[in-house]
Amino acid sequence: MATQVTAPPLKPYPVIPILEVGAMANTKTFPANAPMQEALGFPGELVEDWHDKAIGKLGELLGKYRSLKVYLDACVHCGACTDKCHYFLGTGDPKNMPVARQDLLRKVYRRHFTWSGKLFPKLVGAEDLTKAVLDDWYSYFNQCSECRRCSVFCPYGIDTAEITMAAREVMDSIGLGPKYTNEIIGKVHKVGNNLGLPGPALRDTVSSIEEDLKEETGLDIRLPVDEKGAEVLLVTPSADFFAEPHVYSLMGYAKVFHAAGISWTLSTHASEAGNFGLFIGNYGQMQKIATRVREGILDLGAKRLVVGECGHAWRVAYNFWNTLIGPFDFLDPNYPVPQHICELTYDLIQSGAIAFDKSANDKYVVTFHDSCNVARASRMGGMPGGQFEIPRAIVRAVANKFVEMNPETIREKTFCCGGGGGLLSDDLMDLRVKGALPRMEALQAVVESDGVNFMATICAICKAQFSKVLPYYKFNMSMVGGVHQLVGNAIRLGSK
Amino acid sequence: MTAATVFFALLFYAATLLGVGGLAWRIRDYARTPAPLKIPTTPAPTTTGGVVLRMLREVLLFESLFKANLWIWLFGWMFHVALALVLVRHLRYFTEPVWFWVAWLQPFGLYGGLAMAAGLAALWARRFLVERIRYISTPSDHLMLALLLGIAASGLWMKFLAHTDIINLKAFALGLILFDWQPLPAHPLLYVHLLLVALLIAIFPYSKLLHAPGIFFSPGRNQADNPRERRHIAPWAAEMDKAKV
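Listed in order, the protein sequences are those of chains A and B.
Residues 1 to 496, numbered by our numbering, are exactly what the first sequence covers, in order.
Residues 1 to 245, numbered by our numbering, are exactly what the second sequence covers, in order.
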């Protein structure tokens, strides 16, 4: 199923596309095989009575999630969201308009759970759950990155992410899961992280990073692993251990801890901040994944819990950890639990505990890409909007040249990178490239006007996605990197 | 007592029963369905007071819609404010003596009627003219606008062109409330107007008009952003935790 990957042309200003009905109907992420499904307690393949099972599951979710019930009822088809989704803007497929995506589930909800849909299905757009509808579900609910951009603009706050999660949960329950996400969740349960990196391999990787740091700085900057009694447990996306440019941010965290003299440790048991349980909307999976973090910190006896650069991970950590694996009454109450690495670095900058040589980043003209889950589903610091200000304040503290992209594409209105929500899979490359279009257009504008050559971000998925997608738009793949990559470049580490 | 009087009296009782009863059932259902996770769309207020302000901005000013699309906001907001004025103007049929602020707002209610029709017409035009909105529109979306526009048009017609006997109409309305039926003026346009209004009341809780109570229950808008400070846990999730230990 090798599909052709094509990047749409970059336009000087955003244009809402003409509808191309069915353009992405055949773009389907690979389904999970039976062992992957069964490892998570889902049926291995599409079950015989899938229709009744699906309706039953939908009914169960309607009783458990107020968001789902209210969001399915409240939409008036006003159209405010129709031009807000990056996948619609990139593909022109009308079923990638948030409201149309929701309607795929809503029409079945109406048919089975509302009087109007039972009595007058045609009138209210209610439909039975046929195989064709299920096919559409699989295609289009796996073309939503759950970035919540539409929810910012909806007059009722309807969040398509909630609908997508419910639809994926229903599909998982009848044996129709996405391979990418479900395989990775299996790895976390078995090995402890998304990359499937066992403890010894993790230690090896980390010690080679220590060697690199020694070579670069001449200092013994440590990345401690499983050290009992360290003050801070750092939980970071496992991509930070292996992938580029992620690893440069990991080096940046290590330098911050070193310069500030904070004792810290990684954990081989809790070696993953990411939590793909979120993507499939499964409370139990999300909790099971998060539980490793609680076990990890209890085992190591750390007093503070800090999370590395990762968007959805920060959403889960910030919003859900207290619910899923709290309370954290055994941790130091002087610090927020959990704390974002940017909050930690920012506080150290404010208190003067770390200092920078900003000229180290003079080769860069930096812009900042707000990651969707950080921007619209979490916070940093004490004030609403701190998630925008704190990373920018850090960038400004460590680099001389900083430029903002089009205000319609940043902060709460930021565009998803195109690879979030469990879509960072090679079989969806065409969708990922097209979905990146709005961000690429905004980037192109500042490249031309200000010579921007570095797009900083604080999400492992954004980094991986942009590294892959930038070349399709004729940009250099190393234009993307973490905020702590810049921090690492500029931080003063004392005598060299 | 004419047949029309009996028919409309019974119709309004039935519509009210369906509308109010159904609405109460929906609201109860929303209120009883747990919200297991903190999912406010951020940046979000960190306090309950802040949430109240956010909700007021949404309900009174349509803040999010304003961010989304100025045309939809303009027509939508105009329609809703106009509708509110029209409803206030109609309170004079249900109060004796008429409350002073209702009396004071009477002339504005009249402009409201015109603005309401204009807003509805513009919103309807969008369903034909904008390709994306045409794509998402269902028959009920069109019919709902037709229904509201029919109510507005028949009302305006009676105000400006073919007056009805509003003294007796008020007697009929008060009679309904007091269960002391009075004759309804015989007037075909009034019949149309009342029929459409009764239909609107009756279908309220079974249609997309649920957006009105829905917004107050939208977790994206009504939750305070304080998950690190306060542990939030739904009863069914707490049960899961207990089962594990």
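Honestly, the hints are just simulated from the structure, not real lab data.
C-beta: ideal position from N, C-alpha, C; glycine also.
Any given hint could be a false lead.
Rough simulated footprint, nothing fancy, chain B against chain A, three-plus residues with beta-carbon under 8 Å [unchecked claim]:
| # | segment |
| --- | --- |
| 1 | 167-175 |
| 2 | 238-250 |
| 3 | 326-339 |
Straight-line C-alpha distance at most 27 Å; calculated DSSO-like pairs for lysine-lysine [as the list claims (entries may be wrong)]:
| # | chain 1 | residue 1 | chain 2 | residue 2 |
| --- | --- | --- | --- | --- |
| 4 | A | K413 | B | K244 |
| 5 | A | K64 | B | K67 |
| 6 | A | K303 | A | K28 |
| 7 | A | K131 | A | K28 |
| 8 | A | K53 | A | K64 |
| 9 | B | K170 | A | K303 |
| 10 | A | K288 | B | K244 |
| 11 | B | K242 | A | K190 |
| 12 | A | K401 | A | K468 |
| 13 | B | K242 | A | K64 |
| 14 | A | K131 | A | K53 |
| 15 | B | K244 | A | K57 |
| 16 | A | K303 | A | K11 |
| 17 | A | K303 | B | K244 |
If you want the ones that stay clear, here's a sample from chain A, every Cβ over 10 Å from chain B, calculated [as the list claims (entries may be wrong)]:
| # | residue |
| --- | --- |
| 18 | P35 |
| 19 | E38 |
| 20 | L46 |
| 21 | D299 |
| 22 | N319 |
| 23 | D347 |
| 24 | A375 |
| 25 | P384 |
| 26 | A393 |
| 27 | D427 |
Taking each numbered hint in turn, which are not upheld by the structure, reported in ascending numerical order? 1, 2, 4, 5, 6, 9, 16, 22, 24 and 25
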